[in-house]
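Peer 1: Single-letter residue listing:
Protein chains: 2
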Amino acid sequence: MKKTRYKVTVAYDGTHFSGYQVQPNARTVQGELEKALIKIAKGENIRVHGAGRTDAGVHARGQVIHFDLPFYIHPKGLLTGLNTSTPEDVTIVDVEEAEADFHARYLAKGKMYTYRVDNSRFADPFKRLYAYHHRYPMERKRVEKALKHMEGTHDFTSFASTHSDKEDKVRTIYQARVSVDEETNEWLFTFVGNGFLYNMIRILMGTLLEVADGRREADDIPSIIEAKDRESAGLTLSPVGLCMEKVYYEGQEMPGTLKEDHHD
Amino acid sequence: MKKTRYKVTVAYDGTHFSGYQVQPNARTVQGELEKALIKIAKGENIRVHGAGRTDAGVHARGQVIHFDLPFYIHPKGLLTGLNTSTPEDVTIVDVEEAEADFHARYLAKGKMYTYRVDNSRFADPFKRLYAYHHRYPMERKRVEKALKHMEGTHDFTSFASTHSDKEDKVRTIYQARVSVDEETNEWLFTFVGNGFLYNMIRILMGTLLEVADGRREADDIPSIIEAKDRESAGLTLSPVGLCMEKVYYEGQEMPGTLKEDHHD
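Top line first, the protein sequences correspond to chains R and U.
Going by UniProt numbering, the first sequence opens with residue 1, and the numbers climb by one from there.
Going by UniProt numbering, the second sequence opens with residue 1, and the numbers climb by one from there.
Mixed in with the good hints, there may be bad ones.
[Claimed, not checked] When the alpha-carbon atoms are kept at most 30 Å apart in a straight line, the in silico DSSO-like pairs for lysine-lysine are as follows:
no.	chain 1	residue 1	chain 2	residue 2
1	R	K127	U	K39
2	R	K127	U	K246
3	U	K39	U	K127
4	U	K148	U	K109
5	U	K127	R	K76
6	R	K127	U	K127
[To be verified] So the derived label-pair ranges between C-beta atoms look like this:
no.	chain 1	residue 1	chain 2	residue 2	range
7	U	K39	R	S232	21 to 29 Å
8	U	K42	R	H49	26 to 34 Å
9	R	K3	U	R140	39 to 47 Å
10	R	T184	U	E144	21 to 29 Å
11	R	D181	U	G152	54 to 62 Å
12	U	E97	R	R121	41 to 49 Å
13	R	E253	U	T184	18 to 26 Å
14	U	K39	R	T184	28 to 36 Å
15	R	G214	U	T84	41 to 49 Å
16	R	D94	U	D155	47 to 55 Å
17	U	G152	R	T257	56 to 64 Å
None of these hints come from the bench; they were simulated from the model.
From the three backbone atoms N, C-alpha and C, an ideal C-beta is built for every residue, glycine too.
Just chain R, with the same shape it has in the complex (with noise of 0.2 Å):
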């Protein structure tokens, strides 16, 4: 039989787990998809590596995993096998046969996560699981100097959780933007970068809340930045309004970087 290799996008609602990774006595993203792959494999163990590791609480709509197969079956009946075994708050959204070397997480070159702001006075409660709550009054004039001070090529370790393992903390942000509905008081912030610190983005938007009421100023973005320092950034901001929207990989254009050579 072949060994098959699958690239697998995934959508969940992160409310009820313990973040993505595997850990024991705890419901996680990873353990649900093994559980349903056991049932396809025929009772054999596969592991699943995924592009990265989502906190409890956050959500997905465009995760990326991949696992191997001790054999062969087509992509369509694996989407439909695996969304007949995962639990409801987990969704296979993309069957790909993949390449034998493709690596979920050493082969992505960016992601775009968004994260979700309700500025109504009073919380709107069908948005409570998927958007923070903010009831200060906003300005986005403001957020949006802050959003292109966090732009470029920076070393963010005033924007990482000092729990960081990661030596580097140089990451470029292609794209930080936002977008605003009058209407149902509703902010979406879109971020896309090359990599993402841990706490990374929340810390971002704990800073920029505080930059969107008044409490701080847009132009202390750069000094907070060179200080290298997390005392010196905001709160890290719950992890509810946070969502994983896409994983991209070599091919796939991302909004903020150049176009890729082309030759007609």
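Let chain R serve as the given structure and place chain U on it in line with the hints.
Peer 2: Coordinates of chain U only, in the frame set by chain R:
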């Protein structure tokens, strides 16, 4: 102190409620509202009257309630006070001082309900609490024809739970519509009527989905109504997609009805 009657609009996520109405040993919306009011009324029990008793799992964006306080408090203060005391799946949307004889249920001249269907092949995990997942292809023209048959004044015995305690089962549906978001595969059904029997919209919806995917014909609706027999209609659909959107009172325009006379 002046006894004051208030008209209050409430939104709630019905997921974790055993319905609107108070019952022993169950978490209910009315129960949570009365608990919040005890604090505001300094220990006095305040009875709350709702426009409609939504079932377990049914949501609301515009439930209307009334109650009397033994004193006057400014509506804005009451709005903030209530929102401070209610749990996060209940939000007070609006507070008005009402006439002493205002009654949320008896004076309601109509209601608008919506029902959401997620027609994706695999359920969207972010919609699972607020939409019913139906994976079979649905045909919009068939649905629209069936909805037309439902509009008007009919004896809706076929579409009422056999547990309905109402003698008179004649109701008027002023408007029954559907809108479809092709991108997200979400179907939003809207029903405006002068009143709805127990489970009526959920049975209408169960029947509509059978029409939508071809198990029944749109032109069967008149004979189902004619039969006055619960057995002739479709299944009672899950409460998950149902939401009480609005309650209409004297002086408010209702979609599908003629404007009230007014003289220039």
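Peer 1: If a hint holds in the structure, say so; if it doesn't, say that too.
Peer 2: Each hint, compared with the structure:
no.	hint	verdict
1	K127/R with K39/U	holds (27 Å)
2	K127/R with K246/U	holds (19 Å)
3	K39/U with K127/U	violated (35 Å)
4	K148/U with K109/U	holds (22 Å)
5	K127/U with K76/R	holds (23 Å)
6	K127/R with K127/U	holds (11 Å)
7	K39/U with S232/R: 21 to 29 Å	violated (41 Å)
8	K42/U with H49/R: 26 to 34 Å	violated (59 Å)
9	K3/R with R140/U: 39 to 47 Å	holds (45 Å)
10	T184/R with E144/U: 21 to 29 Å	holds (27 Å)
11	D181/R with G152/U: 54 to 62 Å	violated (36 Å)
12	E97/U with R121/R: 41 to 49 Å	violated (20 Å)
13	E253/R with T184/U: 18 to 26 Å	holds (23 Å)
14	K39/U with T184/R: 28 to 36 Å	holds (30 Å)
15	G214/R with T84/U: 41 to 49 Å	violated (23 Å)
16	D94/R with D155/U: 47 to 55 Å	holds (49 Å)
17	G152/U with T257/R: 56 to 64 Å	holds (57 Å)
Hint compliance for this structure: hints 3, 7, 8, 11, 12, 15 are not met, and every other hint is.
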